[in-house]
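Participant: The primary structure of each chain is shown beneath.
Protein chains: 2
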Amino acid sequence: MHTSGNLPRASLGALFNPRAIAVYGASSDPTKIGGRPLDFLKSSGYDGPLYPINPKSAEIQGLPAFATVSSVPGPVDMAIVAVPAPSVFAALEDCAAKGLGGAVVLSSGFAEVGGPGVQWQQQITELTQRTGMRVVGPNCMGIINVRRRILGTFTPSAAGFGLAPGRISLVSQSGAFGGYCLSLIRQRGLGLNLWITTGNQCDVDFADCVNHYALDDGTDVIMGYVEAATNKDRLVSALALARERGKRIVLMKVGSSEAGAQATASHTASLAGSDQVYDGLFKQYGVYRARTIDELFDVAYACSLARQPPKGKRVGLLTVSGGVGALMADVATECGLDVAPMPEDAQRRLKEILPFAGTRNPVDMTAQLVNDLTLFERNFDLLLAEGGYDVVVAFLSSVGQVLDLSSRLLDQLKLVLQRFPDRTIIMSMLATPEVRKLYEAANVMLFDEPTRAVRAASALAYLAAESERGKSLSAPPPLPAAAQAPPGQSINEVDAKRILASAGIPVVRERLAASEDDAAAFAAELGFPVVLKIASADIAHKSEIGGVLLGLQDESQVREGFRTLQQRAHSNAPQARLDGVVVAGMAARGVETILGVTRDPVFGAVVMFGLGGIFVEAFKDVSFRIAPFGIDEAHRMIDEVKGRILLTGLRGQPPADEEALAQALSQLSVYAALHADDIDSIDINPFVVLPRGQGALALDALIVPRNHAC
Amino acid sequence: MHTSGNLPRASLGALFNPRAIAVYGASSDPTKIGGRPLDFLKSSGYDGPLYPINPKSAEIQGLPAFATVSSVPGPVDMAIVAVPAPSVFAALEDCAAKGLGGAVVLSSGFAEVGGPGVQWQQQITELTQRTGMRVVGPNCMGIINVRRRILGTFTPSAAGFGLAPGRISLVSQSGAFGGYCLSLIRQRGLGLNLWITTGNQCDVDFADCVNHYALDDGTDVIMGYVEAATNKDRLVSALALARERGKRIVLMKVGSSEAGAQATASHTASLAGSDQVYDGLFKQYGVYRARTIDELFDVAYACSLARQPPKGKRVGLLTVSGGVGALMADVATECGLDVAPMPEDAQRRLKEILPFAGTRNPVDMTAQLVNDLTLFERNFDLLLAEGGYDVVVAFLSSVGQVLDLSSRLLDQLKLVLQRFPDRTIIMSMLATPEVRKLYEAANVMLFDEPTRAVRAASALAYLAAESERGKSLSAPPPLPAAAQAPPGQSINEVDAKRILASAGIPVVRERLAASEDDAAAFAAELGFPVVLKIASADIAHKSEIGGVLLGLQDESQVREGFRTLQQRAHSNAPQARLDGVVVAGMAARGVETILGVTRDPVFGAVVMFGLGGIFVEAFKDVSFRIAPFGIDEAHRMIDEVKGRILLTGLRGQPPADEEALAQALSQLSVYAALHADDIDSIDINPFVVLPRGQGALALDALIVPRNHAC
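Line by line, the protein sequences give chains S and X. The numbering of the first sequence is the working numbering, which starts it at 98 and goes up by one. The numbering of the second sequence is the working numbering, which starts it at 98 and goes up by one.
Each hint should be verified, as a subset may be incorrect.
No copy is singled out in the list; a pair is fine if it fits within one copy or between any two copies.
Pairs of lysine to aspartate or glutamate, EDC-like flavour, derived with a Cα cap of 16 Å [to be verified]:
1. K739 with D435
2. K153 with E209
3. K739 with E546
4. K739 with E714
5. K329 with E613
6. K739 with D718
Hints listed in this document are in silico derivations from the structure and should not be mistaken for laboratory results.
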């Protein structure tokens, strides 16, 4: 049992699917943290044996109790542990000795409070590494398996069970958030499969749970709340696995504001990576990031009822109110859906059905719908057959408050659904609970609020497109065989560019001149005009001390320039070691961009892209990706930046060579990933993108080796 | 009674508060459009006499019927008209003859369907102008006065009354939207005062209704849905009156997307002004623009329950979940609220209450709250007393699902409210309907979803600040006495700048040279370097034909430049009439901006502001205001533009003279408003803003007179 070193991480199967459960610290008082899970498990209908563990009583809540789990006669797979923090480790040792596959530690008083708790938690981590037993928590809200009716939790939100089995599974790092979500799941009647809160994550972390859900055939939709990832590789591979297995992931990540990030840090004592890095990660792995709790639930709900992922972004809008139709069109456009008009001929046919209504898209059935229910099917039919929309959102005002009317409409809708099995239909109307159940039983999703219905359509289209994209991702390019290692200490820009060039990044033609004569000779070789720049590893921001001279036209200007730069360096940065003066060709006119690499505490090498000039500084208009990534991902990075429009050829300029730019970003990501431990940051600024077909090149670059931050 | 010409518009009092109501086209079938309002009015408890008008029956729905309203014995103030479109005019003539103050025409078949309906509607408009009788509709859903229990509508949403009296009044241009809102008002239990839908607006328009609500002492909150204003002056004065009288206005305006705008146009046949212009209008008059129906209702709900408008934007966040606390902090920051930290000393005192919880802001009570309810009052007290927050949003997860717990918390909350009567408290928790009623009865607002609670806080702070701002608005500046009229035909840039200068806009020093000698002499007078530009009313975009030469250093360069420009004009624009060459001083370094005036079909002269260069073109980063406006409004225009950061002094640049910029915008607005009918557009581009204290000046300008668009 006790092997040394780290075992490969075992499955969470014993936790979610135990044959028998022990409850350590089981209490006779069902309102206490140690009494409540036992009470829940007893009353929920869990079909396996339950063993209260409590040395002080022979019977707890009517069940025979045991002093330790080792004295339990039969096999036990999982323990719920609610003893005080100082006694948790001993309990877990017993569990491991008995050969349990997992334990859920509800008790608090560990790393989150500091003091000896930090060490107790560390002991538990070591125990899991030694034994392979998986431990959830400590300081968590527990675990639920709806189909097995396992309520291994003390959250009051689980009282009375009240959960419907379904295909959504939820993982929340925060226990309070997880409990709140459980209440919402019950309130909204969502179908749930598995639920877990990970607390202090001494062993089982957020990524492990995503991985488990990715492998779980009972789960289609993964809902999650994450504050800080603990292990990049685990998270990235879990997200990739989930995408590969067709799961749809909807996550909420807080801490985008300073106040929010500080709040997160203070309550989990964990260092969250930059919020923008998470944003890049989610886009990279096709995760839908929800910004509100409403959105988190709306999207999960839509995913759980969508019959087929939408094939595209064309949305048809059907309405009984012209105003709401226009509103839906506004929001759809804002979300990036394509509110394509109906074909002219189909519009004529719609006009025959309802002469005075809107037919373009949105299609307005007007209040006439109530007088003639067949309008619904006929309009829908034309929308889907002639409009060819991937998704249709239909707004029916308060129709859902009248059961008879709603059920007759549903009958028509069922015919439509049969005829167009590959389309996604989203209904919006105020409905009674009874009508809602009726529609959902027919697998039709229903939103009270029409803009939320449209946003759900957009989320479904995004997730479907991401899932497709995941099937044919381009691999990161290989690193050139001649690629040089990053420097061990700070280097000048010429050396930085030489290293980057070796890694496949195109750089400007330039040479380092040690003397005035060298400079004149190199300039003649490159061809005039040229640029001169001070070369020194100690001067990061050359232009601030006048260390750059542009457009030198002949040898005499170059000679004079060489002397000027030396003087300026001596007077403005007397301690700087000078390596000489860089002589470079003038770049052809292009669009200035910035490529960067930073080291994230969680995610390692992260690549940043932005437009040059004031765009990064003033508008924070940048995108991020975790290194390494392929060229298609690089193109998406470029697309996400608003300033991308500058690359498309504004004001009569030629379009820029985005292909060369994407190539460079991808190449940079491969280099950065390989040397993540040795590089603190890389800053290629400007990276000039020339007109299409002419490539791109780095004019200046800075590589800061790890532990040599300037 | 029959006077000629337009009467001053009478009050809507007779419509909303009639002594007696006649129903034209009253039907015995309560499901028909002419039967339903009578049925509603009979059963709702309206206390005045009801007179069915129907020549074919002596009795309708148990009430004696009359052939026309003129045969009704007593006084009648208002008629509901549901006869077919061709008979409506005659019915209204009867009404006017009897001296009714108003009528509501539910019938459709007018301008919205075209044909003879257009003329019938025009006849009604003329009747109202002739008689002063106010007519709502046609093609509308009617009118409601909750306190008087008047349901003058046929929307099924009004069936069974089900409305609670309150201080919100609603006006919707769209009937279907109005009916949907009525259902939502009932569903959410909002307190309603008056409700009206304006339909085709042959007489009573959206602005009339806002004006009525502004004057109505029973209304505090005005909710509205508008598609297209019909009269700028009426709308602007109604909005200004509402602000002056302390009403809070929450509006929804659709059509921000092309598809949405087209849908709006097709179903009302009205030409809506540019969506961005409405956006500017709403900001100018302190209207809160809701982007979703949820938001429309959340904000109206918050306004109806807020005890006091918040004094500022400092928000305190109280939570039982660290994660939700961080989420609320993120959203609050995004909304522009100030999530200021608690003072250090107060944080120490919070730590004494709960050693391990977040104390900075958000303040985390953790799940301990359930064990010790006094935590709530003690934490709240510290937040308000020591943190001094204007608004506090408190998240309590699912506490509202337990009645006993919730009512004990409410008792504590009442103590807090008494101690801090000037603060706004917003609660967020999942609650049973019973708990919700309990809290709302105590004037405490309750949101299920915490981010919606935070957005409501932000809306309340915005509305309060706007209401304050309305009390001390700076007046538009006077126009200089020497201001010249706009041109009657297209003019060159020199003349354009001369006119603008006369109106108080600073312009660059420049002169028009007819000859090479003149140019040389003017250049010497202005001082080198100078700029030369082709001057021609026929060449709007000079730089595209190489018509601008910068940085000419001496007389010979100026002479050569003069000849070059003449050549270029002759070869590139041979038909253009040349007025000569402009000689201008080089502007000092400043930030390039664009000031524009356009003519909106509804709102007349509209002023636009944006940063120069690609910002307007690529990012649409502009703000709008209806002319005229004062300097403080101009400052807000500047603040709204993201690129404003360029004016603050980036990269070591000095901050720009925003005061001079605001002065110019305001001055331009006064000139544009005065000459709105004679100007198609003005384009001042670039308008260079110099460093603070040094002013600003127009380098180039174009005035396009009305009917002379280029």
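Participant: Now look at each hint and say whether the structure bears it out.
Facilitator: So, going through the hints one by one against the coordinates:
1. K739 with D435: Neither. Shortest intra-copy (19 Å) and inter-copy (27 Å) distances fail the 16 Å Cα cut-off.
2. K153 with E209: neither (29 Å within a copy, 82 Å between copies)
3. K739 with E546: Classified as neither: same-chain Cα gap 30 Å, cross-chain 31 Å, threshold 16 Å.
4. K739 with E714: So K739 and E714 pass the 16 Å test inside a copy (14 Å) and across (12 Å) alike.
5. K329 with E613: Classified as neither; 50 Å inside a copy, 71 Å across copies.
6. K739 with D718: both (7 Å within a copy, 12 Å between copies)
In this structure, the hints that do not hold are numbers 1, 2, 3, 5, in rising order.
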